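Asker: Sequence:
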Amino acid sequence: MLNGEPPTVIDPGDRISIKPNYEPLPAKVYVSEIRENNVYLPVDLSDGVFEAPKVKGLYYYLYEATWLTEDGKYTLNQTSAVFAVEIM
Numbered sequence: 001m002l003n004g005e006p007p008t009v010i011d012p013g014d015r016i017s018i019k020p021n022y023e024p025l026p027a028k029v030y031v032s033e034i035r036e037n038n039v040y041l042p043v044d045l046s047d048g049v050f051e052a053p054k055v056k057g058l059y060y061y062l063y064e065a066t067w068l069t070e071d072g073k074y075t076l077n078q079t080s081a082v083f084a085v086e087i088m
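At position 27 of the sequence shown (counting the first as 1) the number is 27 in full-length UniProt numbering, and the numbers step up by one without a gap.
The reader is advised that the hints may include incorrect statements.
[To be verified] Cut-off 30 Å, straight-line C-alpha distance, at most; resulting in silico cross-link-like pairs (DSS-like, lysine-lysine):
no.	residue 1	residue 2
1	Lys73	Lys28
2	Lys73	Lys19
3	Lys54	Lys19
4	Lys28	Lys54
5	Lys19	Lys56
[To be verified] Between beta-carbon pairs, the in silico distance windows are:
no.	residue 1	residue 2	range
6	Arg35	Thr8	17 to 23 Å
7	Ala84	Pro20	15 to 21 Å
8	Asn77	Gly48	16 to 22 Å
Honestly, the hints are just simulated from the structure, not real lab data. Quick caveat, the model's predicted, so the values are computed rather than measured. Yeah, the Cβ is synthetic: ideal placement off N, Cα and C, and Gly gets one too.
Assemble the whole structure, with the sequences as input and the hints as a guide.
Answerer: Printed below as a string of structure tokens:
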């Protein structure tokens, strides 16, 4: 899933910031925690930031971004990425 990339090691409760380097910025951004059996739990984002879990362990996340037409009716483009954090 991560193509051999190691997880980012962080402390419990750290703030995880996702600031895409896209112009224009996407109209919609979603982050989900990926759990066992491919269960996806939405993560609450506030200005592109969310709080890391407080329990030690390895956590996987899916980032999704969508660009829409000016009227918001149609999708222009989408991207996604998976990343992992290890709480120490």
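Asker: If a hint holds in the structure, say so; if it doesn't, say that too.
Answerer: Hint-by-hint comparison with the structure:
no. : hint                      : verdict
1   : Lys73 x Lys28             : 13 Å, holds
2   : Lys73 x Lys19             : 25 Å, holds
3   : Lys54 x Lys19             : 22 Å, holds
4   : Lys28 x Lys54             : 27 Å, holds
5   : Lys19 x Lys56             : 25 Å, holds
6   : Arg35 x Thr8: 17 to 23 Å  : 18 Å, holds
7   : Ala84 x Pro20: 15 to 21 Å : 18 Å, holds
8   : Asn77 x Gly48: 16 to 22 Å : 19 Å, holds
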